[in-house]
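A.B. asks: Sequence:
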Amino acid sequence: MSVSVAMAVCNGEAYLAAQIRSILPQLSAQDELIVSVDPSTDRTREVLDSFQDQIQVFEGPGKGVTANFANALSHCHNEVIFLCDQDDLWMPDKVKKVTAAFVPGVTVVMHDAKIIDADRKEIAPSFFAERHVKHGIYQNMMKNSYIGCCMAFRKELLDVILPFPKELPMHDQYIGIVGEMMGTSIFLPEPLLLYRRHGQNASAMHHADVKQMLIWRKQIYKAVQAAKKKVKQNDFSRNGRL
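Count along the sequence shown from 1, add 4, and you get the number used in the numbering used here.
Think of the hints as simulated: they come from the structure by calculation, not from any bench.
The structure presented is a predicted model; accordingly, all values stated were derived computationally and were not measured.
Take the hints with a grain of salt, since some may be wrong.
Unchecked claim - The list that follows gives simulated cross-link-like pairs (lysine-lysine, DSS-like), each with its CA atoms no further than 30 Å apart:
#1 159 to 101
#2 226 to 100
#3 215 to 170
#4 236 to 159
#5 215 to 147
#6 215 to 101
#7 232 to 222
#8 170 to 234
#9 170 to 159
#10 100 to 170
#11 101 to 170
#12 67 to 100
#13 147 to 67
#14 100 to 215
#15 100 to 138
#16 233 to 159
#17 234 to 67
#18 101 to 67
#19 232 to 215
#20 215 to 159
#21 100 to 118
#22 138 to 233
#23 67 to 222
#24 125 to 170
#25 236 to 147
#26 118 to 138
#27 222 to 100
#28 170 to 147
All chains should be modelled from the sequences, with the hints used to inform the complete structure.
C.D. replies: The following block contains the structure:
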């Protein structure tokens, strides 16, 4: 299966080169690494330029991480799309094992990850265990299990998820839930990524109050309902989950 890697980058100098070097050996000639880069104040562009023809770089919209990922996804062409952050590290067999999981009917694949700090010291052996991840559309509206750096999905989802709805709180949560609506999600228990947790990438989701969490849940619900109508209108192939 051909692969597109969609990476969103902004001020990524510190870890970006190591991440790209962990990805490129896993890609074949037909695959692509798509980078959307928002305006940065560090040497991010110099790092990207050092990889020259090995990656495809596009100017980001400068409107935050969700819009930056949307821009990257809009340039992806291959059968399976991997979401990719700028500061993690891929295990050497990630692409092979994830693409092998895309048997007929599977639309989204999630895999486990080891959590490391800025210096690559292990914090936790399993993201799945820490987050208590689980399947289910409504379960994931209430408590999200989908994290983009551990996700891949079929290209067909792009026709439903793009453009992202306005006020979308989390693009990876939205993609995962829509993928479950259109088919089946698979959770691989093997850690295929070193997820780097540091001060600059802490999600606002971990610090939100109850009121804000309720607002985000309402927003994701509205986005999923709109996607559901889009799936029905376009008669996308699905397995009865609608």
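A.B. asks: With reference to the structure, classify each hint as holding or not holding.
C.D. replies: Results of checking the hints against the structure:
no.	hint	result
1	159 to 101	18 Å, holds
2	226 to 100	35 Å, violated
3	215 to 170	19 Å, holds
4	236 to 159	18 Å, holds
5	215 to 147	15 Å, holds
6	215 to 101	40 Å, violated
7	232 to 222	15 Å, holds
8	170 to 234	16 Å, holds
9	170 to 159	21 Å, holds
10	100 to 170	34 Å, violated
11	101 to 170	34 Å, violated
12	67 to 100	33 Å, violated
13	147 to 67	26 Å, holds
14	100 to 215	42 Å, violated
15	100 to 138	23 Å, holds
16	233 to 159	19 Å, holds
17	234 to 67	25 Å, holds
18	101 to 67	33 Å, violated
19	232 to 215	26 Å, holds
20	215 to 159	35 Å, violated
21	100 to 118	18 Å, holds
22	138 to 233	25 Å, holds
23	67 to 222	22 Å, holds
24	125 to 170	38 Å, violated
25	236 to 147	26 Å, holds
26	118 to 138	17 Å, holds
27	222 to 100	37 Å, violated
28	170 to 147	21 Å, holds
Going through the hint list in order, the structure does not satisfy hints 2, 6, 10, 11, 12, 14, 18, 20, 24 and 27.
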